[in-house]
Every structure is written in structure tokens, then in C-alpha cells.
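Take the given structure of chain A and dock chain B to it, following the hints.
Number of protein chains: 2
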Amino acid sequence: MAGQMDSNPSKWLGAPLEQLPTPALTLDQAKVRRNAERMRERCQALGLRLRPHVKTHKTLEGAALATGGGQGGIAVSTLAEARFFAAGGFQDILYAYPLPAGRMQDCLSLAQQLQNFQVLLDSPEGLALLRQHPLPAGKRWHVWLKLDCGNGRAGVRPTDPQAMSLARAIAQEAPEEVALVGVYAHCGNTYGCQDVPAVEGIARGTATAVVDFVTQLRAAGVSCPQASIGSTPSCSHPVPEMSLLTEVHPGNYLFYDLQQSQLGSCQLEDVAIRVLTRVIGHYPHRKQLLVDCGWVGLSLHGRDQAPFGCAAIEGHPELRLVGLTQEHGQVEAIDGRLDFESFPLGSILALIPFHACATAAMHPVYYVHAKGKVVELWHPVRGW
Amino acid sequence: MAGQMDSNPSKWLGAPLEQLPTPALTLDQAKVRRNAERMRERCQALGLRLRPHVKTHKTLEGAALATGGGQGGIAVSTLAEARFFAAGGFQDILYAYPLPAGRMQDCLSLAQQLQNFQVLLDSPEGLALLRQHPLPAGKRWHVWLKLDCGNGRAGVRPTDPQAMSLARAIAQEAPEEVALVGVYAHCGNTYGCQDVPAVEGIARGTATAVVDFVTQLRAAGVSCPQASIGSTPSCSHPVPEMSLLTEVHPGNYLFYDLQQSQLGSCQLEDVAIRVLTRVIGHYPHRKQLLVDCGWVGLSLHGRDQAPFGCAAIEGHPELRLVGLTQEHGQVEAIDGRLDFESFPLGSILALIPFHACATAAMHPVYYVHAKGKVVELWHPVRGW
Numbered sequence: 186m187a188g189q190m191d192s193n194p195s196k197w198l199g200a201p202l203e204q205l206p207t208p209a210l211t212l213d214q215a216k217v218r219r220n221a222e223r224m225r226e227r228c229q230a231l232g233l234r235l236r237p238h239v240k241t242h243k244t245l246e247g248a249a250l251a252t253g254g255g256q257g258g259i260a261v262s263t264l265a266e267a268r269f270f271a272a273g274g275f276q277d278i279l280y281a282y283p284l285p286a287g288r289m290q291d292c293l294s295l296a297q298q299l300q301n302f303q304v305l306l307d308s309p310e311g312l313a314l315l316r317q318h319p320l321p322a323g324k325r326w327h328v329w330l331k332l333d334c335g336n337g338r339a340g341v342r343p344t345d346p347q348a349m350s351l352a353r354a355i356a357q358e359a360p361e362e363v364a365l366v367g368v369y370a371h372c373g374n375t376y377g378c379q380d381v382p383a384v385e386g387i388a389r390g391t392a393t394a395v396v397d398f399v400t401q402l403r404a405a406g407v408s409c410p411q412a413s414i415g416s417t418p419s420c421s422h423p424v425p426e427m428s429l430l431t432e433v434h435p436g437n438y439l440f441y442d443l444q445q446s447q448l449g450s451c452q453l454e455d456v457a458i459r460v461l462t463r464v465i466g467h468y469p470h471r472k473q474l475l476v477d478c479g480w481v482g483l484s485l486h487g488r489d490q491a492p493f494g495c496a497a498i499e500g501h502p503e504l505r506l507v508g509l510t511q512e513h514g515q516v517e518a519i520d521g522r523l524d525f526e527s528f529p530l531g532s533i534l535a536l537i538p539f540h541a542c543a544t545a546a547m548h549p550v551y552y553v554h555a556k557g558k559v560v561e562l563w564h565p566v567r568g569w
Numbered sequence: 186m187a188g189q190m191d192s193n194p195s196k197w198l199g200a201p202l203e204q205l206p207t208p209a210l211t212l213d214q215a216k217v218r219r220n221a222e223r224m225r226e227r228c229q230a231l232g233l234r235l236r237p238h239v240k241t242h243k244t245l246e247g248a249a250l251a252t253g254g255g256q257g258g259i260a261v262s263t264l265a266e267a268r269f270f271a272a273g274g275f276q277d278i279l280y281a282y283p284l285p286a287g288r289m290q291d292c293l294s295l296a297q298q299l300q301n302f303q304v305l306l307d308s309p310e311g312l313a314l315l316r317q318h319p320l321p322a323g324k325r326w327h328v329w330l331k332l333d334c335g336n337g338r339a340g341v342r343p344t345d346p347q348a349m350s351l352a353r354a355i356a357q358e359a360p361e362e363v364a365l366v367g368v369y370a371h372c373g374n375t376y377g378c379q380d381v382p383a384v385e386g387i388a389r390g391t392a393t394a395v396v397d398f399v400t401q402l403r404a405a406g407v408s409c410p411q412a413s414i415g416s417t418p419s420c421s422h423p424v425p426e427m428s429l430l431t432e433v434h435p436g437n438y439l440f441y442d443l444q445q446s447q448l449g450s451c452q453l454e455d456v457a458i459r460v461l462t463r464v465i466g467h468y469p470h471r472k473q474l475l476v477d478c479g480w481v482g483l484s485l486h487g488r489d490q491a492p493f494g495c496a497a498i499e500g501h502p503e504l505r506l507v508g509l510t511q512e513h514g515q516v517e518a519i520d521g522r523l524d525f526e527s528f529p530l531g532s533i534l535a536l537i538p539f540h541a542c543a544t545a546a547m548h549p550v551y552y553v554h555a556k557g558k559v560v561e562l563w564h565p566v567r568g569w
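Read top to bottom, the protein sequences are chains A and B.
The opening residue of the first sequence carries number 186 in the numbering used here; numbering runs sequentially from there.
The opening residue of the second sequence carries number 186 in the numbering used here; numbering runs sequentially from there.
Next up, chain A with everything else stripped away, as it sits in the complex (with noise of 0.2 Å):
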């Protein structure tokens, strides 16, 4: 395909990772194997079915790592990342999304062919959408409710009286044709906090009100099976609270990044991703380095969050990225005395990225590495 980049990256298999071109992502195996199973142990213990948003990584390995190796059930964000995840041998997926009006042939075919594909809906306009595209007999749409406790994007308010009258329309109205299967929430307001509290504070809220409504649908009579809250800090701070729901969803943790551990949700050491950059330049007379890595590869998310900006430069706290344009890195030392003798031209930084969904999306292949080199090449899907 034209489109495709014409080297072959799977040459670099075996190569120590000071060989590769820059940009490059990198992960570390060890790293995001740990963060795999920690985040497995956590919801173990609460008694929790863990479903990986798989939006974070969009790759085959990541979501075979995050499910224990078993092909289990994710949670997708894009049609491209359903069939994609199809295609790749994965029966259970839930697309996390309000239903889109001119997707329904592709949400239908996604439908046929897997043992489980879920949707997801806030809207009466919803449910009449899955009305008029009925599944052949034998099979139902498997539909999650999207609840909004309070991160102010998609769902229905639980104190909405819409919330009860849909819940029970998708339960009730075609049985035959519709089944609920659960209520959905995405506590993404959790990122606008400062302390691991702050995010326990809304991990609480919203599954308490997740489960309040649960128990209020069943009070009336409406079977609703599961109850789901996601996101990267209250999964991994996860509060009692949490024991009462039946699965979780989150997805940034398999990488982590600058901004989860800023928010407490891990240890700086935990975070597995980091861009490759080498220095291309020396311009003393603005006390400046020039790298490789512009915001193709890095993205600008976290352009404006102190103290490090887009990334932290691993092992040399003395320096801050401070400029960024398409294939251009500015780098400069905090108190203006850099040492250019110790970044000879060639030489390598080691970026640790802000933002993991956003840096993710920028690479066509991420590069993983044991003990100093590359054993693995992860393909992500892209597109719509």
C-alpha cells in the first residue's frame, strides 16, 4: 500500500536499542508486563472482571498482555479498532462509544460474526437505531447504558429521569431484539485532579452511583447484569466502593506516563513508554540543543503542565524540553549552563511522554525491549 512506510522495521529485531532511527517509541516488556498483572491482581482482589480499554496502545500484543494472554474481553473506542481486534481473534468487545448513525453496517457485520460484541447508548435515538437494524434471529444487541456521574461528556445523568426510562426501554421495549447488558461510566474527571484523594473521591462518587442505579433498575423490576467505571487513576487506586461493581475498564496503565505519575496513579519508575530522540545540533549562543523529535512524534499534549512540559528527559532532571515543531525538539538546561560536551551530536535522550494515548498515536510501530534490546514490534491499528 502506498501509504506504508517502505523500510522494514522488523529488521531491527535483536538490535540494541541504541541502534534504532529516532523517533522512536519504545516500551519496556518488563515494565508493561508488571503493569499488566498488577492492574490484574487489583481487580482479583475486589472480585472484579477486568476489561482493558484498549484504546491507549490499539495493538494485538497490548490487549493479549492486558487480558492474561486469553484473547478476554476489551473495550474499543473506534469501528477501525473492533475489526481490527476482530479480525485478531477477539470474541468480547465492547464498543465504548455513543452509537453512530452511519456506522450501523459496520456495527451489524461486527455484530454477525462475534460471540459477543456490545454497544454502548445514551440516547433514545439510540435504542430506535438498533430498532431499525435488527439482528438476525437468534441473535440480540448486547447494550450498555453510558451513565454521566459527573465527567461532563457522553451518558445520561443517573439523576435524569431519561436515565431510568432508557435503561428500562433497552431492558424491556423488544426483548428479542435488545438486551441491556450493563451500565457504563467513565470517571475521566478524575485527570482534572491534583492527589490520589481527589481521585478516590470520584472513584467513590461514581461508583456509588453507578451501583445506586443499578440496584434502583433492579428494585423496578429491569435486569441489568453488570455495572463498569474505568479510567487509569481510580483503577489503580481502586476504593471498596469499586467491589460492588462487576468490571472495570481502564486503559492508559498498561504504558502509564509523566501525566499519571504527576496524579499518583504510579511511580515514575512504572512507566514503560519513552520516545528515543538523538541530538542533531549544538547552538550555543542561545544555550540550546536541537533534537529529533518534533510533535510527530511526540505529540504537544502537556505543552502547558509544569514543570516538564510535553516530557521529562530520563536521567537529566537539569534539562527541560521547551520547544517542539514538526520533527524539531528544543532543549535547553534549567539554569541555563549546559553542558554540550556531554550530549554530543548522535547522542540519545530518552523522552518520557506526557501523554501515552497521544504519543501512542503518533507511531506507526512500537519498538519493545528486554534487557537493551528489541524483542518485539507492536503494530497498532489507526483510522476510523
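Hint data in this document are derived by calculation from the structure and do not stem from the laboratory.
Among the hints, erroneous ones may be present.
Facing chain A, from chain B, some residues (calculated, C-beta under 10 Å) [as the list claims (entries may be wrong)]:
no.: 1; residue: 198
no.: 2; residue: 452
no.: 3; residue: 464
no.: 4; residue: 477
no.: 5; residue: 560
Being a predicted model, the structure only gives us computed values, none of them experimental.
Where a beta carbon is used, it is the ideal one built from N, C-alpha and C, also for glycine.
Structure of chain B alone, referenced to chain A:
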């Protein structure tokens, strides 16, 4: 390859734009052609060769259009672009980026493969790299010296005594191995301007500095046939001093964008790029629409730029895109009175991106349209 979308975008050829899956990057064929033609005419009038930079679109189709259909000389910013355009038949490629120590094998291959592969450098170390990697007999490295005429990124300042000595070394140190082709400056500082006179001031200063430097070189007996400056703002309003150059290398103008219209490089109606997005939710309690374009479909570029932020919404000056998460956009009415009935679920909005280079980098395919239908698909190269 595992990382590809598993749907075939070519099925959309001939389809009305309204049927495209969203978010979708669309290009108005007539506008792209007109933008290409006007830039060619402008350069012809000044007696300048146009060497279009391809980093905005990164497509063979865009480069063919920009060079008038003839696969003429282009500038690229990554080796992935260089390899891609070389494979696509382009023979005159300027790799307009500081020579990378770790990638000399790629540069050697390209220099041997192409009739005219040109490199750029701004340090004695760059020249030493070329000397350490001589081309086979009969071929010389064709080198541009990068000058920094106020942009403050890569390049030697023309007032720095090292500029002259480096130019002389490139031209004379090993004339059988290395040739000085020309002097190259990027006036990216035009992007900080508030109006066209300010852009013209920078263009005048940059062109004059480059021409004066080349004049000094020649007076000192150093052959330097070419002189080039670039940036879409400066080349959209060329000043007479630019006619003393031999070529220019703008890139963004093929699409233009909101930023360029705000800088005065173009009229808003010249902007050829849109991101189509659909309404996926109504949230009257917070007076917001959700649309299916987040930062993966648009980038965060322009977020802090008044009045539109990351994108203007075509035909709807009363609306603003006020928030972006990974796959969601939040739209509000400026006066808080959003007429939800005018934007039913599934209805399409066309976003005019702030920064076309950044938005294009997010899309695996561009849908080119004429008379409301998809007439071409352009496939960009990615990676490094």
C-alpha cells in the same frame, strides 16, 4: 500488515461526502489545484524555482500537483519521506534536515539511487560525517548549508564567522567528494507575525541575509549556485528581494489552514482541508453537542488560539469547538443558545483545522472531492 485498517477506503471513491465514515480528512480538489497553481505562478513571476516542501501532506499525489505534474524537485523533512518519494519516482530530493549521525546508511542508499539527492548541514561535524561516508567514484554529496536568519532553530547564523568557514569547507575541502549546492534558510519565525507587513519584513530580512551571504561567498571565490528560503507565509506574499534567490520551499500552502488565514497568507475560502465530523450526542443541560472528532482526528494544535481554538466550524460562526478528548469533541454556541434541532444526531459539521500539518499527520487517508463526491484517495507516508 497487522497495523493496517482492515477496511478498504477505496470503496468510497465516487461516494458523496455525506456518506464518508467520520472523522474524515477531506480536500477540495479545485482549491488544492488552485493553491498549487497560484504558488507556481507567483514563483514564475519572480523567476524562482519552486521546490515544494512535502511535509504537510506527505503524499505522491500532493507532490505531483505541487510540482506541476512533473515529479520535479521537492524538499522533505524525514528519511521515511525521502525513501517514499524516491520509490514514487522523484529524483530530485532535498533532505532539508540536519544530517543525522545514525542514519548515514539511508543517506548513502538514497544518494546512490537518485539522480539528485541533496543533504543539508549546519556544523563541521555534519561535513565530517559526509567525509566518513564517501559516495562511489563519480558521485559527490550535494550539500546545502543551513543558515539561521532569525528563526532560532537549526542553522548557523550568517553573522557567525563559522558560517563562512563552514561554507568554504563544504565547497573546497574535498571537491571530488562534496559539493556546495546552496544556502538554505527557513523563516518559520513568520508564524509569530500578526499581519502581512510583519511577514513581509521577515521575508525581506531573511532573503537579504541569504543573498548577502551568497554574495560574500562568491566574492571570496566560493562557488554557491543556489539560495533558497521558505515558509508559506513569506511565499504567499513574496517581497521583491526574494527574486534574488534561486528557489523557495514552502509546503503548507497546498492545503492552507485556519492559522494561515489568520496570518493573512490566504483567504479562508482558499483553505482546502476539512475534517468532517458527525454529531453523536445532545446534552441540553450543559448546552453542548458532542461530535465524533477528538484530538486523534484533529490534533491539539491551536487550542489556546483565539477565537476558534483547534478548528473553526464551517458555516457556523455561532458555534465553537470548546473541548477535545481522544475521540470526542465538545461544541457550544457562543451565546449559550444552542439550537439542538438544527443539529440532529448524525448530522455533519465540517471543521477547518488550525494547523493542517498537524491534522494531516493524524489521518491514514485523505479523501479528495469534487462536486460533492470523492474523486481521489491520497495515502500519506508515516514514520521516520
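* Return the numbers of the hints above that this structure violates; sort them in rising order. => 1, 2, 5
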